[in-house]
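*Asks:* Listed below are the residues making up each chain.
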Amino acid sequence: MSDASYLHDEQAPRISVAAPSDYFALLKPRVMSLVVFTALAGLLLAPTPPHPLIGFASLLAIAVGAGASGALNMWYDADIDALMTRTRKRPIPAGRLDPESALAFGLVLAALSVFTLGYVANWVAASLLAFTIFFYVVIYTMWLKRWTPMNIVIGGAAGALPPMVGYAAATGEINLASVVLFAIIFIWTPPHFWSLALLKSEEYGCAGVPMLPNVAGEDRTRLEILIYALALAPLGVAPWLLGFASLAYGVISIGFGIALVAAAAAVFKTREGEAARVAARRMFLFSILYLFVLFLALVVEQTAHVFALI
Amino acid sequence: MVKDMTDAGDKLKDHRDAFGGPGVVLTKEQARSRRQRNIAIGATIALLAVLFYAVTIVKFGAAIINRTI
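Residue numbers (our numbering), protein chains in the order written: chain A, 94 to 403; chain B, 4 to 72.
Incorrect hints may have been included.
Claimed, not checked - Lysine-lysine pairs mimicking DSBU-like chemistry, simulated, CA-CA at most 35 Å apart:
hint, chain 1, residue 1, chain 2, residue 2
1, A, Lys182, B, Lys31
2, A, Lys362, A, Lys121
3, A, Lys121, B, Lys31
4, A, Lys238, A, Lys182
5, A, Lys362, A, Lys238
6, A, Lys121, A, Lys182
7, A, Lys121, A, Lys238
8, B, Lys62, A, Lys362
To be verified - To be clear about the criterion: a stretch of chain B counts as covered by chain A if any three or more of its residues have a C-beta under 8 Å from a C-beta of chain A, and this derived list gives those stretches:
hint, region
9, 32-40
10, 46-58
Quick caveat, the hints were computed from the structure, so don't treat them as lab data.
Cβ coordinates follow ideal geometry from the N, Cα and C atoms, glycine included.
Turn these sequences into a full structure, and let the hints guide you.
*Replies:* Okay, here's the thing in C-alpha cells:
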C-alpha cells in the first residue's frame with residue numbers, strides 16, 4: 094500500500110469552507126453594536142472631543158476588541174453552545190468553522206485592537222481595552238460562567254467598561270461621569286440576563302451553566318430582578334443629578350426607570366404559567382430598550398453639545 | 004526537519020503517482036470560500052493601511068509640512 098494514503102480519511106488535510114460571514118458572526122455583531130454605542134457615549138462626554146477620524150478609529154478599535162472577546166468566548170464555549178438552541182447555530186457548533194481558526198482569529202484581533210487603540214488614542218485606553226478583553230474571556234468565560242450563579246453579576250463588568258474606554262480614548266483618563274455610565278450597565282446586566290435565564294433555564298441547566306434560576310430557584314431570581322431594577326432606576330437618573338446630562342435626560346430616565354421597575358414587579362408577582370413567561374420576556378426586551386434609550390439620550394445631547402462647540 | 008520535509012515531498016509524489024492526479028484538488032465550495040476569505044483579508048488590510056495613514060497625518064497635524072528640507 095502506498096504511503097499516499099496519508100492524504101485520506103482522518104489524515105487528509107482539512108480545508109475550510111468557512112465564509113467571511115462565519116468569521117463576522119464570531120464577532121457577535123449585536124453585542125459589538127451595543128459596545129460601540131456605549132463607548133460613543135463615553136467618548137462624547139469628553140470636555141474636548143477628539144478629531145472625528147481619531148474618534149472613529151478609536152471606536153473601530155474598541156469594536157474589534159469587543160469582537161475579539163466574542164470570538165474567544167465562542168472558541169471556549171463551543172461545547173456548551175452546541176447544547177443550547179439559542180447558540181447551536183453559531184459557526185463552531187454548526188461545523189462551519191474549526192475551533193483553532195476561531196482561537197487564532199480572536200487572538201489576532203485582540204492584539205490588533207489593543208495596539209491600534211494605543212497608537213490612535215492613548216495607552217490608558219488601550220490598557221483598559223486589554224483589561225476588558227481579559228476580564229470577559231478569562232474571568233467571565235473561563236472561570237465564572239461555569240462555576241457560580243453570580244457569573245453575570247461579576248462578569249457584567251466586562252460589558253460595562255466600554256464607556257470608560259471611550260472616555261479614556263478621548264481624554265487619556267477616567268472621570269466620575271464615565272464611572273457612572275459603567276455603574277449603570279453593571280447594575281443593568283444581571284436583571285437583563287436573569288430575565289432571559291427565566292425563559293431558558295432548562296437549556297442552561299442541560300448545558301451545565303449555573304444560572305440563578307437553576308441554582309437558587311425562580312422565586313429568588315424574581316426577587317433579585319426586582320432588587321436590581323429598584324437600584325438601577327435611581328442610578329439611571331444620576332447623570333442628570335450629577336450635572337453631566339440635561340433635564341430632558343432626567344425626565345426620560347425617570348419615566349423609563351419607573352417603567353422598568355413596573356416590568357420587574359410584574360416578573361416578581363406573576364409566577365405561574367404563560368403569563369409568567371410573558372412577564373419575563375417583557376422585562377428582557379424592555380431592559381434592552383431602557384439601556385438603549387438612556388444612552389441614545391446621552392449621545393444625542395452630547396452630539397448637540399459638540400456641534401455647539403464647533 | 005529537512006528529512007521530514009523530504010519525506011513529505013516523497014509522499015506527495017507517491018500520491019500523484021498512485022492516483023495520477025495533482026494531489027489536493029479543492030472542491031468548488033472550498034475554492035469559492037477560500038477566494039471569498041482572501042478578498043475579505045485583502046480588503047481589510049487595505050482599509051487598515053488607509054486608516055493608519057490617515058490617522059498618522061491627523062496626529063502630525065500642521066507640523067507635517069513644517070520640516071527641514
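*Asks:* For a C-alpha distance cap of 35 Å, please report whether lysine 121(A) and lysine 31(B) respect it.
*Replies:* holds (28 Å)
*Asks:* Next pair to validate is lysine 362(A) with lysine 121(A); report whether the Cα-Cα distance is within 35 Å.
*Replies:* holds (34 Å)
*Asks:* CA of lysine 62(B) to CA of lysine 362(A), is that 35 Å or under?
*Replies:* Not satisfied, since the Cα-Cα distance of roughly 57 Å exceeds 35 Å.
*Asks:* Please work out if lysine 238(A) and lysine 182(A) have their alpha carbons no farther apart than 35 Å.
*Replies:* holds (20 Å)
*Asks:* Has the region 32-40 of chain B got at least three residues whose CB is nearer than 8 Å to a CB belonging to chain A?
*Replies:* This one holds; 6 residues, not fewer than the three required, reach chain A with a Cβ under 8 Å.
*Asks:* Is it true that the CA of lysine 182(A) sits at most 35 Å from the CA of lysine 31(B)?
*Replies:* Within the cut-off at roughly 24 Å; holds.
*Asks:* Quickly compare the C-alpha distance for lysine 362(A) and lysine 238(A) to 35 Å and report which way the hint goes.
*Replies:* holds (28 Å)
*Asks:* When I compare C-beta atoms, does the region 46-58 of chain B have three or more residues closer than 8 Å to chain A?
*Replies:* holds (count 4)
*Asks:* Quickly compare the C-alpha distance for lysine 121(A) and lysine 238(A) to 35 Å and report which way the hint goes.
*Replies:* Distance ~18 Å between lysine 121(A) and lysine 238(A) Cα, so the pair holds.
*Asks:* Starting from lysine 121(A), check that the Cα of lysine 182(A) is at most 35 Å away, please.
*Replies:* Holds - the C-alpha atoms of lysine 182(A) and lysine 121(A) are around 13 Å apart, at most 35 Å.
In terms of the numbered hints stated before, the structure departs from hint 8 and from no other.
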